[in-house]
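These protein sequences, in sequence, are chains A and B.
For the first sequence, the residue numbers in the UniProt record's numbering are 1 to 320.
For the second sequence, the residue numbers in the UniProt record's numbering are 1 to 259.
It is worth saying that the hints were derived from the structure and are not from the lab.
Don't take every hint at face value.
Calculated from the model, a selection of chain A residues having no Cβ within reach of chain B, i.e. all distances over 12 Å [claimed, not checked]:
1) Pro167
2) Glu207
3) Phe227
A short, non-exhaustive set of chain A residues, derived as facing chain B with CB atoms under 10 Å [what the hints assert, rightly or not]:
4) Ala43
5) Ala44
6) Pro202
7) Gln203
8) Leu210
9) Thr215
10) Met222
11) Ala223
12) Pro226
Reference listing, derived: stretches of chain B covered by chain A, where coverage requires no fewer than 3 residues with Cβ under 8 Å from a Cβ of chain A [unchecked claim]:
13) 47-57
14) 102-115
15) 193-206
Just so you know, even glycine gets a beta-carbon here, dropped at the ideal spot from N, CA and C.
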Amino acid sequence: MTTTDPSTTTRAPRGRRRLGDVLFAGGAQGSGILILAILAGVAAFLILQSFDSLAANTANFFTTSEWHANTREEPAFGVAALAFGTVLAAAIALVLATPVAIGIALFIVYYAPRRIAAVLGYLVDLLAAIPSVVYGLWGIGWLVVQLAPFYAWLETYFGWIPLFAGPVSTTGRTMLSAGIVLAVMILPIITAMTRDVFLQVPQAHREAALALGATRWEMIRMAVLPFGRPGIIGGAMLGLGRALGETMAVAMILSPSLVISWFLLQSGNQTIAAHIALQYPEATGYGVSALISAGLVLFAITLVVNMAARFVVSRRKEFA
Amino acid sequence: MAKRIDVSGLHVYYGDFLAVENVSMTIEPRSVTAFIGSSGCGKSTFLRTLNRMHEVTPGARVEGKVLLDDQDIYSPDVDPVEVRREVGMVFQRPNPFPTMSIYDNVIAGAKLNNRRLRKSEADDIVERSLRGANLWEEVKDRLDRPGAGLSGGQQQRLCIARAIAVEPSVLLMDEPCSALDPISTLAIEDLIAQLKENYTIVIVTHNMQQAARVSDVTAFFNLAGTGKPGKLIEMGETNKIFTKPEKKETENYITGRFG
Chain A
1 MTTTDPSTTT RAPRGRRRLG DVLFAGGAQG SGILILAILA GVAAFLILQS
51 FDSLAANTAN FFTTSEWHAN TREEPAFGVA ALAFGTVLAA AIALVLATPV
101 AIGIALFIVY YAPRRIAAVL GYLVDLLAAI PSVVYGLWGI GWLVVQLAPF
151 YAWLETYFGW IPLFAGPVST TGRTMLSAGI VLAVMILPII TAMTRDVFLQ
201 VPQAHREAAL ALGATRWEMI RMAVLPFGRP GIIGGAMLGL GRALGETMAV
251 AMILSPSLVI SWFLLQSGNQ TIAAHIALQY PEATGYGVSA LISAGLVLFA
301 ITLVVNMAAR FVVSRRKEFA
Chain B
1 MAKRIDVSGL HVYYGDFLAV ENVSMTIEPR SVTAFIGSSG CGKSTFLRTL
51 NRMHEVTPGA RVEGKVLLDD QDIYSPDVDP VEVRREVGMV FQRPNPFPTM
101 SIYDNVIAGA KLNNRRLRKS EADDIVERSL RGANLWEEVK DRLDRPGAGL
151 SGGQQQRLCI ARAIAVEPSV LLMDEPCSAL DPISTLAIED LIAQLKENYT
201 IVIVTHNMQQ AARVSDVTAF FNLAGTGKPG KLIEMGETNK IFTKPEKKET
251 ENYITGRFG
C-alpha cells in the first residue's frame, strides 16, 4: 500500500447530519460571534464618535486635566485627571475589599458552623443585588457623615503620610469615601468568586496538608490559597472592572474637581464614569464627542485591566 | 524512631452511625501490617483513626484508646496536629500539591515544624527524603518542576518522600498502589520493604497478593452483616493468615469464597 487515493483518506467519515445538532451548533457559534460583533461595534462607535472632538482639541488629550469641550471654538480638554481619579478610586476599593472578601470566604467555607455559613453566604449574595444608586444614597446620606470625624482623626495621627495629609474635607465627600463605598459594592462579587474556588479545593489536597501536621491556618496557606489564587485574582479583577465603571455612587458621593490629587482626605478628583454622567445632560458643541472620547479611554483601561488579569492567571498555569 | 501502636476497644462513628466496632490490636514497630477485607468493611476508616484524620470529616468521632508507645493520642491534652506530625499518611490517589514544585512538595511538611529552615538544611532533607523514597535519581535534575508533572507512580513516591521528610515514627498507607500500574506498584512495594527498617508501617490494600508480599502481619476486617459495623475478624502473621487462618470467614475471603 504505497499509494492511497487522497479523496478517500483526507476526508473524515461524515455521519448523518442531524437537524438538532446543526441548529444547536449554529446557535452556539452565532452567540460566540455576536460577542465579538458587539465588542467591535462598541469600540468602533467610540472611536468614530470621538474622532470629531479629538481632531478639534487644542490641548493634549492625555496630559490635560481641564475640560472645556462645550464649545464649537477651540475646545481644550483632556482625561489626565479623570483617568487618574478612575484608577485611584478603583484601586482604593480593590485594596480595601480584597482582603475582607478573602476573609469572609475563608470564614464561610472553613470556619463557620454550617448554618451560619449558609446565612452569611446568602447575605453576601443579597449585598450584590443592591442597586448602585442605593449605595450612593447610603454613602452620601449616612456614610460620609460618619466618616468625617474619622478622617479628622486620620489626619491628626497619620497626616505625615502624604495620602492622609490635610486640610481634611469637612463634608467627607472625598476620594476615600468613594473608594470605601466602591469597596462595599465590589465586596460581594469578590467574595462569591473566592468562596466558589475555595469550595472547589480538592479534599485530597486539604487532607495532604493536614496529614503532614498542618494546623487549619497552615492547611489554608498550603493547599487552599495557592489553589484558589487564580480564582481570587479573577474575582478581584471582576470587582475592579465594576469599580472602574461604577457611575452613580461616585457621582453622588464625590465632590468633583478636575485635578490630579493624591490627597485622599481632601475633596477633589473625579472619575471618568461619573464625569460622563454629570456632564452629558449639559454637553453642547464638541461636548458629547469629547465625553465619548473619555468613554473610549475607560473602555481601554478596563480592557487592559482584564487582559493583565488573564496574563497573571495563566502565567503559572503548569503549576495549577 | 519507630513506635508501637496499641489499640484497645476502639469504636469508630460517623455521627450516630457505628462504622467500626470494638477493635483491639497491637502493631509492632519496624514491621509492616496489612489490613485486608472487602470494600466498606471499615479498614480505611480505622486506619484514619490512627493519626486522627478520621475526625476531619464533620461529625466523625471515636471511643476507645489508641496508644502510641505510651501516649494515648485521643487523650484530651493531645493536639491532633502533633499526632499527625508523628504519624504520617500516604493516600490512595497521589496528591502532591499542584501549585508546588517537587522540591517544595517534599519540604512542605518539614517547613511547618521549623519555620527558619536554612537552605542547606532544606536541601539535605529534600535529598534524603527523595532518596528514601527511591525517587532522587529520577528527579534530581528537575526539582523546580511541578510535582503534578510526574507519572502516577513517581507522584506517589513523591508523596511518600513528603511524608517521611517530617520524620514520623509511623507511616499509614491507604491503598497506596490502587491507582498505579504494576511496575509502579512494584517500585512502591520495594520501597515499603526498605522503609520498614525505620518506620512502623500500616497499609490498607485490596490486593491480597500485595498483602502477602509486603506485610509481616495481616489483619482481616469484615462487616458483621449488611448495615452492621465493620469488625476485626482475625489478625496474625501473614504466613499463617494466608495458609492456615483460624476463622472460617478469613479462609473464605482469602480463597475467594465470600460470605
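Results of checking the hints against the structure:
1. The non-interface label for Pro167/A is consistent with chain B: the shortest C-beta to C-beta separation is roughly 46 Å, beyond 12 Å.
2. Consistency note on Glu207/A: stated as away from chain B, yet its beta-carbon is not over 12 Å from all of that chain's, at 7 Å minimum.
3. Against the 12 Å criterion, Phe227/A falls within the reach of chain B, whose nearest CB is about 6 Å from its own CB.
4. Checking Ala43/A against chain B by beta carbon gives a least distance of about 36 Å; that is not within 10 Å, so the hint is violated.
5. At its closest, the beta carbon of Ala44/A sits 41 Å from a beta carbon of chain B; the interface hint therefore is violated under the 10 Å criterion.
6. Contact between Pro202/A and chain B, as hinted, is supported at the beta carbon level, the nearest pair being about 8 Å apart and thus within 10 Å.
7. For the restraint placing Gln203/A at the interface with chain B, the shortest Cβ-Cβ distance is roughly 9 Å, inside the 10 Å limit, so the hint holds.
8. At a threshold of 10 Å, the smallest CB-CB gap from Leu210/A to chain B is about 6 Å, leaving the interface hint in force.
9. At about 5 Å, the closest approach between the beta carbon of Thr215/A and any beta carbon in chain B falls short of 10 Å, and the interface hint on this residue holds.
10. For Met222/A, the shortest C-beta to C-beta distance to chain B is roughly 6 Å, which falls under 10 Å, so the interface hint holds.
11. A cut of 10 Å between beta carbons decides the hint on Ala223/A: the least distance to chain B is about 6 Å, and the hint holds.
12. The criterion of a C-beta within 10 Å of any C-beta in chain B is met by Pro226/A, whose closest approach is roughly 4 Å, and the hint holds.
13. Check result for the segment 47-57 of chain B against chain A: holds, 3 residues qualifying (beta carbon to beta carbon below 8 Å, three or more required).
14. Given a C-beta distance limit of less than 8 Å, the hint that chain A covers the segment 102-115 of chain B holds, as 4 residues qualify and 3 suffice.
15. Counting residues of the segment 193-206 of chain B whose beta-carbon sits less than 8 Å from any beta-carbon of chain A gives 0, not enough to reach three: the coverage restraint is violated.
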